[in-house]
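Modelling step: build the complete structure from the supplied sequences, incorporating the hints.
Protein chains in written order, with my numbering: chain G, 7 to 553; chain A, 7 to 553.
By construction, these hints were calculated from the structure, which means they are not laboratory data.
A couple of the hints might just be wrong.
Any copy, or any two copies together, can satisfy a pair, since identical chains are not distinguished.
With a straight-line Cα cutoff of 20 Å, these simulated EDC-like cross-link-like pairs (lysine to aspartate or glutamate) come out [claimed, not checked]:
1) 275 <-> 150
2) 275 <-> 197
3) 531 <-> 498
4) 279 <-> 9
5) 516 <-> 450
6) 524 <-> 498
7) 279 <-> 545
8) 516 <-> 530
9) 531 <-> 366
10) 275 <-> 466
11) 275 <-> 545
12) 275 <-> 468
13) 275 <-> 467
These numbers come from a predicted model, not from an experiment.
There are 2 protein chains.
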Amino acid sequence: MLEWLRQYRRAQLPGDISAGIVVAMMMIPQGMAYAMVAGLPPVVGLYASIVPPLLYALFGSSMTQSIGPMAITSLMTASVLAPLATPGSGLYMVLAAQLALLSGGVLLVCGLLRIGFLANFFSRPVMNGFTLGSAIVIALGQCDALLGATLPHFHLPSAVLGIGALVLLLLARQYLARVLRGLGLPPAAADVGARLAPMVLVLAAMALSYAFDLAAAGVRTTGAVPAGLPGLNLAISSGHWRVLFQPALLIGFMVFLISMSGAQTLALKRAEKLRSNHELIGLGAANIGAALTGGFPVTGSLSRSAVNFAAGANTQLASIITAGLLALALVAPTGWLALLPLPVLAATIIVAVLGMLDLETLRTAWHYDRADALALLATAGGVLALGVESGVIIGLMLSMGAIIWRASRPHIAVLGRIAGTEHFRNITRYPAGTTPELLLLRVDAGLFFANVEPVRARIEEELAAHPDARNLVLVLSAVNAIDTSALFGLLELNTMLTGRAIGLHLAEVKGPVMDRLKESALLDKLHGQVFLSTVMAWDALTLPKPH
Amino acid sequence: MLEWLRQYRRAQLPGDISAGIVVAMMMIPQGMAYAMVAGLPPVVGLYASIVPPLLYALFGSSMTQSIGPMAITSLMTASVLAPLATPGSGLYMVLAAQLALLSGGVLLVCGLLRIGFLANFFSRPVMNGFTLGSAIVIALGQCDALLGATLPHFHLPSAVLGIGALVLLLLARQYLARVLRGLGLPPAAADVGARLAPMVLVLAAMALSYAFDLAAAGVRTTGAVPAGLPGLNLAISSGHWRVLFQPALLIGFMVFLISMSGAQTLALKRAEKLRSNHELIGLGAANIGAALTGGFPVTGSLSRSAVNFAAGANTQLASIITAGLLALALVAPTGWLALLPLPVLAATIIVAVLGMLDLETLRTAWHYDRADALALLATAGGVLALGVESGVIIGLMLSMGAIIWRASRPHIAVLGRIAGTEHFRNITRYPAGTTPELLLLRVDAGLFFANVEPVRARIEEELAAHPDARNLVLVLSAVNAIDTSALFGLLELNTMLTGRAIGLHLAEVKGPVMDRLKESALLDKLHGQVFLSTVMAWDALTLPKPH
Chain G
7 MLEWLRQYRR AQLPGDISAG IVVAMMMIPQ GMAYAMVAGL PPVVGLYASI VPPLLYALFG
67 SSMTQSIGPM AITSLMTASV LAPLATPGSG LYMVLAAQLA LLSGGVLLVC GLLRIGFLAN
127 FFSRPVMNGF TLGSAIVIAL GQCDALLGAT LPHFHLPSAV LGIGALVLLL LARQYLARVL
187 RGLGLPPAAA DVGARLAPMV LVLAAMALSY AFDLAAAGVR TTGAVPAGLP GLNLAISSGH
247 WRVLFQPALL IGFMVFLISM SGAQTLALKR AEKLRSNHEL IGLGAANIGA ALTGGFPVTG
307 SLSRSAVNFA AGANTQLASI ITAGLLALAL VAPTGWLALL PLPVLAATII VAVLGMLDLE
367 TLRTAWHYDR ADALALLATA GGVLALGVES GVIIGLMLSM GAIIWRASRP HIAVLGRIAG
427 TEHFRNITRY PAGTTPELLL LRVDAGLFFA NVEPVRARIE EELAAHPDAR NLVLVLSAVN
487 AIDTSALFGL LELNTMLTGR AIGLHLAEVK GPVMDRLKES ALLDKLHGQV FLSTVMAWDA
547 LTLPKPH
Chain A
7 MLEWLRQYRR AQLPGDISAG IVVAMMMIPQ GMAYAMVAGL PPVVGLYASI VPPLLYALFG
67 SSMTQSIGPM AITSLMTASV LAPLATPGSG LYMVLAAQLA LLSGGVLLVC GLLRIGFLAN
127 FFSRPVMNGF TLGSAIVIAL GQCDALLGAT LPHFHLPSAV LGIGALVLLL LARQYLARVL
187 RGLGLPPAAA DVGARLAPMV LVLAAMALSY AFDLAAAGVR TTGAVPAGLP GLNLAISSGH
247 WRVLFQPALL IGFMVFLISM SGAQTLALKR AEKLRSNHEL IGLGAANIGA ALTGGFPVTG
307 SLSRSAVNFA AGANTQLASI ITAGLLALAL VAPTGWLALL PLPVLAATII VAVLGMLDLE
367 TLRTAWHYDR ADALALLATA GGVLALGVES GVIIGLMLSM GAIIWRASRP HIAVLGRIAG
427 TEHFRNITRY PAGTTPELLL LRVDAGLFFA NVEPVRARIE EELAAHPDAR NLVLVLSAVN
487 AIDTSALFGL LELNTMLTGR AIGLHLAEVK GPVMDRLKES ALLDKLHGQV FLSTVMAWDA
547 LTLPKPH
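Structure, rendered in structure tokens:
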């Protein structure tokens with residue numbers, strides 16, 4: 007906690023200041039836009055960009071992560087709340103904050119339980135498919151705002167403004183960095199400058215809006231943004247805890263996955279160390295902070311964090327500066343914010359989410375591992391056809407299935423003795439000798455519930471293939487753990503083999519595994535022996551016994 | 007399919023006939039009782055015991071599994087349907103069948119997708135905790151029927167009958183087998199005979215009911231049971247598909263897990279081979295059959311299957327005989343069934359579910375692996391506090407978490423060279439030599455999304471511990487697969503190491519893994535080489551380069 011502050015060096019300050027300013031300029035239109043995606047008044051997006059990053063700076067572990075509203079969590083918020091309240095209504099705002107509170111609570115509890123290893127839950131294709139589907143849903147959802155009416159209708163001034171903004175932003179994304187470099191800016195500065203195009207466009211649109219009174223021409227604008235900092239929000243709808251709980255679990259999960267995948271990408275570039283349990287606590291605190299200041303679920307945004315990184319952020323001080331500037335913007339007169347035409351805001355959203363599309367993963371997966379590519383498409387298709395929550399669940403099921411499938415296929419080798427040595431090796435890979443009365447099996451994975459049945463089935467197969475075996479030795483040199491299910495599996499295997507008059511022996515049991523087994527009934531009941539080494543088992547079970 | 011019929015031997019017939027008769031006698035009270043648990047008229051339990059086992063006999067793979075109503079699936083059915091319709095109403099019956107249809111469809115699809123490996127999903131403690139919690143919920147749920155009124159009230163004649171039956175059944179469970187053995191019956195027959203105590207008691211209660219007109223004394227009885235076979239049921243509530251879908255997923259999952267865990271226990275005793283994908287299809291067909299004959303979700307019952315097994319069942323012919331006898335019972339006059347006092351039926355349910363309690367797993371887990379014991383208690387507690395559906399979800403989350411935790415901790419060894427040989431071994435276990443400019447890491451697990459970050463973190467740690475390393479060799483002798491996420495992980499690792507002027511090399515890449523990698527950009531971009539063996543990497547990277 008705040009380790010970065012104790013070790014702060016003066017040389018880090020300029021980078022943090024410039025990044026703080028740049029991200030604040032990016033955050034103003036983005037915060038308002040993502041509040042709009044979530045079905046909330048634009049100012050709520052600014053509220054959610056002040057306290058959450060401060061709390062994250064206290065507890066989180068990434069130095070460059072920029073915490074605040076994010077497109078996908080906003081979409082999930084809207085999808086959860088739409089059936090429960092009217093967008094923009096008082097109840098809707100209360101429920102949005104309550105959702106952030108619950109999600110934050112879940113994240114905090116997970117962090118205290120130290121289950122940050124769950125960050126590795128979604129495969130890259132599944133995460134990519136989820137992002138792809140969500141980006142398309144968000145972009146389609148902005149078409150009405152872009153055109154000022156519901157298709158096939160459109161409101162001409164709004165549509166001209168919206169589509170014009172869209173074209174300008176797409177051109178800026180494609181060429182602006184190059185143009186700025188041509189004008190003599192250093193490459194890094196040119197890249198960062200190009201990322202500010204939405205803010206410049208938004209300012210220009212506000213000026214147009216003011217000069218030509220676009221609102222009078224029927225163009226919808228953000229409308230009055232109340233000045234002042236967010237107050238303490240303690241409003242709760244006590245009847246909605248239960249209905250919000252499961253969605254909060256899913257949102258908390260995605261907040262963590264989205265934030266970690268972005269932070270990992272950036273951490274890798276600087277060999278920075280992330281601590282997933284600290285991330286959980288940081289994100290939990292940030293979301294609880296969002297709830298208490300009337301916001302909605304927040305997370306780390308890769309696009310914003312990448313700008314923060316590129317603009318020179320060295321520590322979380324950059325995010326603290328950003329939050330301070332946003333607070334200043336709210337304390338200062340906010341009349342100018344009211345002028346922003348919604349079609350232009352919609353254009354910035356569409357261009358932002360198009361930036362999240364990354365077809366490279368699909369292309370690579372398609373050539374490298376078709377199953378991964380299909381998982382990507384299934385997840386994206388699930389989001390599009392069934393909604394964003396179902397998309398998460400499909401992603402969960404696909405990931406879960408893949409993990410269990412792998413876990414249930416442990417590598418098992420039949421061992422033989424390398425002639426003239428005390429070494430035992432896999433007979434399919436080495437010229438190793440066996441004897442028919444003895445079967446040596448090495449299991450190359452910890453024994454636990456997901457593989458105990460497959461291991462037993464394999465043992466059955468090998469016994470069927472070695473009908474003369476009177477003794478079975480399980481070589482446990484690679485077994486780091488045996489859980490309770492596997493213990494019962496071994497007990498049952500022992501009973502079955504006893505019934506068939508086949509001895510069951512263990513060899514090369516690791517120290518910690520042996521300590522555990524001594525607490526169980528297995529060693530007493532074992533119809534066989536425990537050998538220190540495979541060669542001792544071989545010698546004892548193949549030599550003729552003394553009479 | 008029907009492999010057992012093609013290979014049928016005459017010697018198997020007597021066992022199948024006796025088992026078929028015994029199980030039919032057990033099934034009549036049990037079917038009616040479990041229908042009652044599910045909130046359905048007793049006759050529905052008999053309907054669900056006729057067609058489902060016939061379909062299972064066609065498609066399933068266990069020879070001794072007895073398919074029909076089961077306590078836990080009945081409880082789950084009641085818990086799903088209670089908020090949707092009034093127990094016993096026409097809509098309730100339609101929804102019960104629809105739930106079986108959906109569950110059966112899910113099972114069938116899973117079987118066709120060949121994802122039977124999911125049978126290993128629940129650890130034994132989680133399954134045991136789930137059963138424990140469910141048994142307690144079911145037993146508590148029968149107390150009103152046992153006493154003929156809602157506590158603290160009771161209806162004296164009902165309570166006397168119910169508690170009397172309960173005491174008799176408990177005594178029979180404890181002593182009857184011993185008494186029968188004392189009377190000269192062979193042990194196996196005595197055990198099976200003791201299992202028929204509920205049927206004998208039920209017959210006695212019916213006689214009492216008839217002789218003393220218990221119904222007139224206010225004791226509730228099953229009431230008129232319509233004679234005749236179940237008709238074809240095609241009734242569907244089209245408005246309920248969506249709300250039934252998720253519960254049907256959970257019920258299908260539990261139908262499979264319950265059936266498989268029972269079948270595995272029995273299969274082990276005879277070294278019989280189960281095919282989990284056939285089980286899925288058999289159970290799917292059975293549940294669809296239950297739906298089409300107006301039943302409700304069915305599965306294999308361990309207690310009934312164990313009696314089937316003990317009574318000599320050799321093939322599914324035993325279950326076909328059971329189904330035939332039940333059909334006969336329905337075609338014959340059914341007036342006698344109407345006389346059965348519900349307090350006695352409740353007593354049979356309570357004793358049956360008490361038989362599912364197995365505190366041995368908890369005791370063993372408590373001494374052997376405290377985490378497993380806590381998972382058991384958490385699942386049981388979840389069922390008791392939050393309901394049976396939440397119990398399944400808690401079990402899913404605990405199992406999932408355990409699998410990911412294991413998957414995310416692959417074993418990684420720093421290798422050194424055994425002096426004077428070409429062998430390389432883990433330096434913490436063998437006296438193996440290293441050189442500071444070369445780091446050899448062997449990863450002892452397939453690389454995939456759940457371990458790619460932990461592996462990367464470990465590589466970072468080892469690089470920090472070996473600051474002079476100019477080359478890193480990943481020894482992939484134990485890596486059977488590299489998925490798309492891990493491929494991206496390797497690409498990013500390569501980029502990072504290139505930036506630090508450290509070479510990244512691969513050694514001992516397995517054939518199939520190499521074939522895959524050739525389809526990717528990794529080999530082209532690799533800032534290093536691919537070596538056939540570790541010794542070749544060592545020689546190339548430690549010898550002074552020729553000038």
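> Going through the earlier hints one by one, which of them does the structure break, listed in rising order?
Replying inline: 1, 7, 11
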